[in-house]
Structure formats: structure tokens, C-alpha cells
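Keeping their order, the protein sequence lines are chains E and W.
Residues in the first sequence are numbered consecutively from 1, following the working numbering.
Residues in the second sequence are numbered consecutively from 1, following the working numbering.
In case anyone wonders, no lab produced these hints; they're calculated from the structure.
Fair warning: there could be bad hints in the mix.
[As the list claims (entries may be wrong)] Facing chain W, a subset of chain E residues (Cβ under 7 Å, in silico): (1) A90; (2) K172; (3) S175.
Positions of the beta carbon are idealized from the N, C-alpha and C atoms, including for glycine.
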Amino acid sequence: MSAVEAAAVVRVMVVDDQPLWRDAVERDLAQAGYSVVAVAANGREALARFPAARPDVVVLDLQIPAPDGVEVTGEIVRQDPSVRVLVLSASGEQGDVLAAVTAGATGYLVKSASREELLAAVRRVAQGDPVFTPGLAGLVLGEFQRRSETPLDPAEPALTDRETEVLRMVAKGMSYRQIAERLVLSHRTVQNHVQNTLRKLQMHNRVELTRYAIERGLDAD
Amino acid sequence: MSPWSSPAATAVDDRLFRAVAVLRVVLLGNTVAMSVVRAHGFERPIAGAACLVVMALWTGFATWAYAAPRRRTPALLVADVGLSLALLLATPWVKGDDVSMSLPGYWVIAALVAWGIAYRTTGGLVAGVLLASADLARQDVDGSDYGNAFLLVIGGVMVGYMCGSLQRMATERDEAERAAAIAAERSRLARAVHDGVLQVLALVQRRGRELGGDLADLGRLAGEQERQLRGLIRAEDAADAALPREYVDLVAELARLERSACVTVSAPAFPVELPAAVSDELVAATRACLDNVRRHVGEDASAWVLLQAFADRVELSVRDDGPGIPTGRLDEAVAQGRLGVSESIRGRIADLGGTATLVTGSFGTEWEFVVPRVAAPLGSAS
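Here chain E stands alone, though its shape is the one from the complex (with noise of 0.2 Å):
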């Protein structure tokens, strides 16, 4: 199956503020054979067009203007649950970077990042693979260190020793292929370790949702 093949069918939405970039992005994916269906330069109208072009990948910009892309990771995820979210930042900011992941999205990768890793993480994304910088795999890790450290909920997921393993040897920049090697596991456990890692951060942002409900007493009638 060539790459062509395999983008067919994928359906990608750009949100991006800067039209220079947007239009490189655009092109670069529309040359690897996705289909563009969608663009937007801010949270409004990506939101507006959102329901209309039924992306499977967002490629999404976190710092466009209001509102922001971790509020927009956030809606989409939530009207769309099966939709997959890849962040794009240019800074880097690590708060965004992290309230972005726990809002739902499934990869995160610096603006400078070359073509080729964009549409390797495009593709990755796609396959509803997370796509872990070494940065953000570090954030990720001190994000369960604080947890475990202020438990709120006992039932809250906490990661394994051997996902907290998996992590770490994500943050320092080895690859899954390295990390199976070193670990003597298949490629695809590691994948799932990390899958679960994202999933564990994300069920934590739902349990945050509950209890921010109840808590404001919206279930209370």
C-alpha cells in the first residue's frame, strides 16, 4: 500500500492564524495525498467550520486568536470524540503544550519541525498513534508526579512502572524501535504504553470534568 493509498481517505483540517504557513501545511499534506477539507485562521471559525468538514485530523495551531487551541482541542474533542488532534506550537509554551494533551489532543510537535516529521506525525496521528516529542513526554511525567503527589480522587488512573518506564525513555529522546529493543518488547507494547499514558492523562481531565460539575452543583437538580 503506497502512501497515497493510505492518505486517501484521510480527511485533514489546518487551523493556523499565519496564511503563509497554512498554505505550506496545506500544500505539503495535499501533495502527500490527504484531503485538505477544511482551513480556518482563528478558534471561531474553526469551530464554525468544524461540524461541516468532519475531519478525521485536526492540525491545529495552538496560539491562533480566541478562542485559543487548547479551548478548541477541547470543543471538537468533545463533539467529535473519534477526531484526532495534532498541536502544532511555534513556542512551545508548556502549560498550552499540556492543557492541550489533556483537552484530547493525540500528538504535539514544534512548528520547525521539518515536512517530513509533519507528515510522519500526520500519519501517526491519523492511525490515532500519540505522537510524543521528547519535551512533551516530559511534561507528561511531571504532570503524574503532581498528581500522585495531591491525590484528589483516589480512583484517578495513575501510570504504571512500567508506562512511567516507557515515559521516561520517551523524554529522553529515544525512539519506540530503541526503547523495544532496550526493553526486549514489541514495538507495538510500547506503542500501547504510551497510548495508555495519553488515555490516563485524558480520563484524568474527565474526572476533572465531573467534579468540577458536581462541584458547581449541576447535578444537584
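Model the placement of chain W on the given structure of chain E, informed by the hints.
Relative to chain E, chain W alone:
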């Protein structure tokens, strides 16, 4: 801006004058009631009634006049206290000599408080002295009269002083809020500008790589600048967190190392606060590891730094993607007595009461430091 004329001080005045308006009505009610009860004692009841009507009219007028800042003129305040003085001094003529309660009664307090609000301590003192003098002048002085007069002066000064303090505090709070808002807006703008610059640098880098030739060099330069700026912003963002001077945020310190192109620093999203001495040693050890990578693996060799912070310790690792250290090479180095670099790294970490472990293999070479953590200052996310 003077603390007395700032919008915040005016807002305080508005509230206080609204309170005075209520006070004035209550005091008027009291005076009218007392006068009705003792109406038989008036020498000139018609003049007394006329005085009460004047007080009622003034109460209404003053409520309206004090409601707007631009109407709070010196003339209004002089008239306010002047009327009270006139009524005090007219008391013997209207009520006769042996009536101890003055004609306006406690109603004069409203003018006193108005002066305190408008002219603060000085105003309270001046109005207090004037009213006390008039009160003493209208009658033969006995102990309780003197006490009342004294209370008027002290009360005026106290009200004036407190109004002044309130206005100053409101002004200071306002200025602090404005400064915070300006700082937040400035940092928002800086973020937008930085983000725009980073976007363009990333784009140049990307297009340059695709087009090749001279443009590829240009793209590479843009890429270097982009990484440097990103590292700088990250370090600056972290520096915003106010910390005691002897503590520093290790995340921000390590982020500085990322400015060289091949180093990736992964760390938590929260600051990791450590005593400056500990942080300095850790950064120095990390730098030594990175120098080693450059020397042994290559100038462009990639390296990854990972920081994890726990309540009781920090774990810091530095990894490279090189071929690893061949078996026996370390022993050989020890035998030749030239294990300078790794011994100095171990030494630094041991001095901090921690451990340094070196792992090497086909996956590269990895240093791992575990350093115990002492109690961190307030607000530490640990």
C-alpha cells in the same frame, strides 16, 4: 497622581458621602424628635420651628450637592459648617439660656464628618475646633460641655485621619492593580510578538530546507535563532515566578542549555525550586556531560536532558545517541589515571549527597543523577 484626587480616592469619597447623607437624615430625625418633646422650653417656638425647617431643607440640599464630586466645592463645605455654627450660636436666643441641648443637637456631626472626608485630618480638626468653640461660646461651660467639645475635636481628627487612610489605600490598590494589568498586557503582547517571530523563523527554516542551496543555509540559521529564542522565552517565563533569592528554578536554568541546537531539555511544567548552590552544581554537572557528548560523539551529536522532581529528590539524566563507551575503555582510563571528567561529575553530585550512575550500551551513554531534596520554600510544586 495625588492620592486624594485619583479615581479610586473619589470612589471612596462617593461611598463616604453617601453614608453621610444617611447619617444626616438620622441625626435630623433625632433633633426634630428631641425638639418636639421639649418644645415647651423654647423661648421663641416659631423661630425654633423655622430653624428645624432650615435644617431639613439643608439636609435635602446637602444630600443632592454632595452626591456629585464636582459639587463638593469649598463653598459648599463652608456653608455646611457655617450653618451648623450659626444654629449653635442662635441656640440661646431661640431656646433661652437654661436649655442645655443645642438647637441643631447632634446634627452638627454631619458637617464635621463631611469636612473629615473632604479635607482629611486637617479638615476634621478645623471643623471640630470651630464647632466645639461655638458650642462652648453659647453657654456657661460645665464638665459635660467640655467633654462634648473635646469629643467633637477628637472625633473630627479621627474621622479625618481614617478617611485619608482609606483614600490612600484605595489609590495604592488601584495603582498596584493597574501596574499588574499593564505587566500582564505587556507580557501578552510580547508573547504575540515572539510567537509571530518564531512562526516566521520556523517557516524560513522549513522552506529553506525544501529549496536547498544557499536557502538551506539561511534556513539552518533561522532554525538556530528559532531555538535560541524559544529557549530564552522559556527561561524568561520561568524567571517570572518570584522566588526567594537563595532559591532558583532548575527548570529555567536547564532550559538555557537548550539554546545549543542539539540539546533537548524535558522537564515538568511546574518550577522545580532548589537552593541556588544545589542547582548550580547540577547545571555544571549537566554541562560537563554535554561537553563530553560533544567531544566523544561529535559536535552535532544530539543529547537529551530529562529532569524529574519528586518530593524528596530530583532525578536528572543526560543521554546521548552515540555508540556508547566500549567495554574496558573506562577501566583503561582508570588504569592510566585519566578519569578526570567523569570523576569530577561524580564528585559534584556526591558533594550534594546524591549519586551519579553511568550506563552505556548500544543505546548510547546515559548519566543519571539522583540528588536528595531539602524542604522547598512556599509555593513549591515539589
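Structure versus earlier hints, numbers of those that do not hold, lowest first: 3
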